[in-house]
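With the hints as a guide, bring both chains together as one complex.
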Amino acid sequence: MSAARRRPPSRKGAGPRPARARTAPAAPAPQAEAPSIRVAKLRNGTVIDHLAAGTALRCLAILGLAPEAVVTVGLNLPSRSMKRKDLLKMENRRLTAAELARIALLAPRGTVCTIEDYRVVNKTRLELPTVIDGVVHCPNPSCITHHDPVVPRVRVDSNDPLRLRCHYCERRIRLDEVEFVPASSVPAIK
Amino acid sequence: MTPALDPALVDRFKGRDILSTRDFTREEILFVLDAARLFADGGGEEARPLRGKVLATLFFEPSTRTRLSFEAAIKRLGGNTIGFADAGVSSAAKGESLHDTVRVVEGYCDAIVIRHPREGAARLAAEATRLPVVNGGDGSNQHPTQTFIDLYTIREARGRVSGLHIGFLGDLKYGRAAHALITAAAAMGNRLTLVSPVELRLPGSIMEELKEAGVKPVQTSDLEAALGDLDVLYVTRIQQERFHDPLEYERVRNAYRLDRKTLEGAGRKLSILHPLPRVREIDPEVDAMEGALYFRQAHNGVTVRKALLSLLLGVLP
Ligand SMILES: [Zn+2]
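Those protein sequences? They're chains R and A, same order as listed.
For what it's worth, the working numbering labels the leading residue of the first sequence as 1, then goes sequentially.
For what it's worth, the working numbering labels the leading residue of the second sequence as 1, then goes sequentially.
Only chain A is shown next, with the shape it has when bound in the complex (with noise of 0.2 Å):
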């Protein structure tokens, strides 16, 4: 069953930048999410509505998982893409500024995905053009259409994003997947409990902006006692480069690893994800229960850009 899109919001969207999750009110966010069941599973592709469409892929520094997924989001609507996959074979090589760059490239497409070590790349880039443009990353700051992936992935599971239990495990401190959905789910109103070594704790300005927003997580180092009242865990990987201990590395890495002995203390509906790629946080063994849906998640990524896309260029199915 298709819910009815209101016209007002779909307007909202025609032409408009995705930047940041900051720049969505809730309504906002909850219609992206409905927008997506429009595209599930291979919806609206039938039609092929973007037929004749050029998506630019900007990609300063490569992301593989994420041009793939933009490619195959436009590519299944009947578009196309013209990009570059890293900054070496960019103008900006050359010294060429991030504006310039825009303006060229905007003589060539319909929209513009931009993947850019720098913090505010994305939303520069939008300034420099009168078309659409999605921040695909941009360095520690956002990767808004990623939480849009995990909130739709979240009520896809569970029915609803607000008034749940979600837990967050690993690197709290540089994760920016993490960030962006513990600022987003604080917004939408659910509980948060935040698991990770005290090294690796969510920075200061983050925890303040919760508290700001009347948001109180709960902080812990035990895995094991929080497991317990979870409705969602959001895992998220820990970098060796963080650590200049190896060995404090290694000890790290067990203490927060996910695999059936561990979940034993979970709920029973535990709904697991993880942005990908994972190194060791989740056991394979864990793929094969019925919460684990971080493969899930990562395929939403195209029903959900197809949905970000579709709306941004006016044509949906």
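Next up, chain R with everything else stripped away, as it sits in the complex (with noise of 0.2 Å):
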């Protein structure tokens, strides 16, 4: 009889899981064209910046690319506040809910920029929602979520730090054994 009840069965989280290796592409851009210049140009699109420095292939990775799509990727970015950081600025891209939730579990001090026309219309810190459902799968093997179709669902107990709950089983989820849903199996949510 919870809220948890209106939510439509779905069928997306049968079968067996296709790999997590979703490799990053490689380098984002030919190495004698500067990055900034990359930068500059970004017209439309959204810039993720603050990733703890060492994340921001792994975003990438659980964002997934686009055959054609235009990303640039910068690694250990000085930084004042955070010494070193990450960035990704990824052209012609809007990040739904979900998108923002998944990369939130990897960044949560990151910022997302929205750009339109060049300039800047959007920007907000990457916060996670209580519940985070299709982003990570539970850990504890006898979990229902393993066995029968259904949607993993992960409840945020805390954000700082960061607790994390199997909404089935209940199980507490630590960082290093998050794994997440690949991306293409993950259904639209509002």
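Any given hint could be a false lead.
[To be verified] Computed spacing ranges between beta-carbons, pair by pair: (1) A:22 - R:129: 15 to 23 Å; (2) R:127 - A:205: 20 to 28 Å; (3) R:178 - A:239: 30 to 38 Å; (4) A:8 - R:127: 32 to 40 Å; (5) R:129 - A:41: 19 to 27 Å.
[Stated by the list, open to error] Chain R is faced by these chain A residues, among others (derived, beta-carbon under 8 Å): (6) 25; (7) 95; (8) 98; (9) 119; (10) 123; (11) 124; (12) 141; (13) 201; (14) 205.
Because the hints were derived from the structure by calculation, they are not lab data.
Every residue, glycine too, gets a C-beta built ideally from N, C-alpha and C.
Take a look at the structure:
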């Protein structure tokens, strides 16, 4: 009788899990062209800033890349607040709430800027919702989510420190156990 | 004397699922214990308030004791049961999803009790139906009616469920009943002492949760030293299959066995609980002692389940 009950049943979690190893594409642009030039030209799209150093490629892997997508990746850039940070600039790409939830798990301090016509039209801090659907697999092998067709759901017990719990089996999920549901199998979440 | 129940709380339980003790506030837990008092020792049965109500008992793994207790509870209130006692006879054996099984069964009954070997199965079942669902045990996760029964038995004996010193003895690593009661007892404000062999200590994740809640249980392997100061001792079964070495099992089993001699060091009023079945953890000679409450606890199962079913179905005597 919970609110969750209104969620329509989904078959999406069914079947064997596709391999998670979705390798990030190689270097973003030819070495000759300085990334800053590409950055300056971002006309429409999304900038994800203040990613912890070393997480940009994982974020990119999670977000997935369309065949002709133009993406600039900044790694270990100097930062006043974080010493070193990573950065992603994605042309002509808007992120959905589900995508934001996915990268918020990796980059709790990240910021997201939406660019339209060279201008920042929206700037937000990444924030975790209290419930995340279809993003994280439960690491518990005897959890019902691995045996019945159901979209995995985790609850965020606390943001700082980040504490996650499987909605179904109630097991605590440590950050180093987080295994993402492949982007392609994520149902659209409004 | 029957305490009047808060109508707002009565309303909150109507149609509600009983899936995990985590879903209940302290106030709600105490409310369930209050409601159960109305059903103690045959209470609430005369008017047969659940006449015409059908409880489905979906047992995807056998648990005769739990099933019989639920069946006794609803039948004593005038209701009836349908269901199956293990997965082999259910349509799950033909590959039907839990969701579909529940959707079909909801057309046959007024409430559902589910027992399932997979953790989280009861919550998934509850999401598939508008009917109230009671978790009768989901793998190693939860068995909330057992926890309510344990708390009810403690309150019946000690008059309260907070400010007590509660000891837990035996398999604290795998024991689901102990895990749930430890978490609930901590949340209610009790001192905890955990007595187990090193290899069967409480899992780190639960210990961490207790620390987050500001509770620091004492952990020890020494039963006799722990006994002196306890109000309640909750004993659990140590299962042989947890040990690779049969000799090690023998050693542990003998070291954590309660008999009259071990209990000499205990306080006179120590209450002893056990979710049963016991194997050899408690010597039968203890049964006659005043504080041996485990059979009372088993009988309280029907009392507490009568109360919960009445609350969920919105029919109080
Ligand atoms: Zn789980």
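Checking against the hints above, which ones are violated? 5, 6, 7, 13
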